[in-house]
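From first to last, the protein sequence lines are chains S and C.
Take the first sequence: its letter number 32 is residue 32 in my numbering, and every next letter is one higher.
Take the second sequence: its letter number 66 is residue 66 in my numbering, and every next letter is one higher.
By construction, these hints were calculated from the structure, which means they are not laboratory data.
Please note that a few of the clues may not be correct.
Unchecked claim - Facing chain C, a subset of chain S residues (Cβ under 7 angstroms, in silico):
#1 40
#2 41
#3 44
#4 45
#5 63
#6 88
#7 98
#8 101
Said to hold, decoys possible - Derived CB-CB ranges, DEER-like:
#9 C/52 / S/69: 21 to 29 angstroms
#10 S/78 / C/74: 37 to 45 angstroms
#11 S/17 / C/55: 13 to 21 angstroms
#12 S/66 / C/25: 29 to 37 angstroms
C-beta atoms are modelled at their ideal positions from N, C-alpha and C, and glycine is treated no differently.
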Amino acid sequence: QSVLTQPPSASGTPGQRVTISCSGSNSNIGRNFVYWYQQLPGTAPKVLIYKNNQRPSGVPDRFSGSKSGTSASLAISVLRSEDEADYYCAAWDDSLSGVVFGGGTKLFVL
Amino acid sequence: EVHLLESGGGLVRPGGSLRLSCAASGFTFTSYAMSWVRQAPGKGLEWVSTITDTGDNTFYADSVKGRFTISRDNSQNTLYLQMNSLRAEDTAVYYCAPGGPDYWGQGTLVTVSS
């Protein structure tokens, strides 16, 4: 059971907009930055969003992050086949004194 | 460019020990807290341990507390994880990661099996 709650799967067709949610609490998302990672099969995670809504250089602007209260979202606009991957959210948790992750969302591009 | 090179993984018997290392470059190592995160085969990401930028404070997941020790050498830009009393459930790819985490290495595989 992960501290942050994500839907186990999501799907969309090429060109669609997809949103993945991440629900937490006051001790993690409510007080700290949220990060989003993309993991393609057999590879290491890659940072998509840091500090709630910042995109590292090289990450397409199709990816965006937002946070409100104790929840966060990752939006992927204009979905592409190469976006099919696992997506994880993460945040520091003040009560646990550690990084907490969501269980991951497997995104299918139909 | 940020580069994180984990090493030290391998096959070890239950109850055994391993020491992982992570050589960091391309960012100001001394400005970042550093963490170890692991991923068991077919599973999600699991935080293991974090050490503050100065090394003064360390934090551990309950699953490894008392068995694992995180440390760092800021003069060598290197992060370590000493793993003792290893169990089958410790089998995973171990990643070192600075900050949020802000970056990820390629990981090193630890397999605990008899």
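How the hints compare with the structure:
| no. | hint | verdict |
| --- | --- | --- |
| 1 | 40 | 12 angstroms, violated |
| 2 | 41 | 11 angstroms, violated |
| 3 | 44 | 5 angstroms, holds |
| 4 | 45 | 5 angstroms, holds |
| 5 | 63 | 16 angstroms, violated |
| 6 | 88 | 5 angstroms, holds |
| 7 | 98 | 5 angstroms, holds |
| 8 | 101 | 5 angstroms, holds |
| 9 | C/52 / S/69: 21 to 29 angstroms | 28 angstroms, holds |
| 10 | S/78 / C/74: 37 to 45 angstroms | 43 angstroms, holds |
| 11 | S/17 / C/55: 13 to 21 angstroms | 44 angstroms, violated |
| 12 | S/66 / C/25: 29 to 37 angstroms | 33 angstroms, holds |
Figure legend: structure checked against the earlier numbered hints; hints not met, in rising order: 1, 2, 5, 11.
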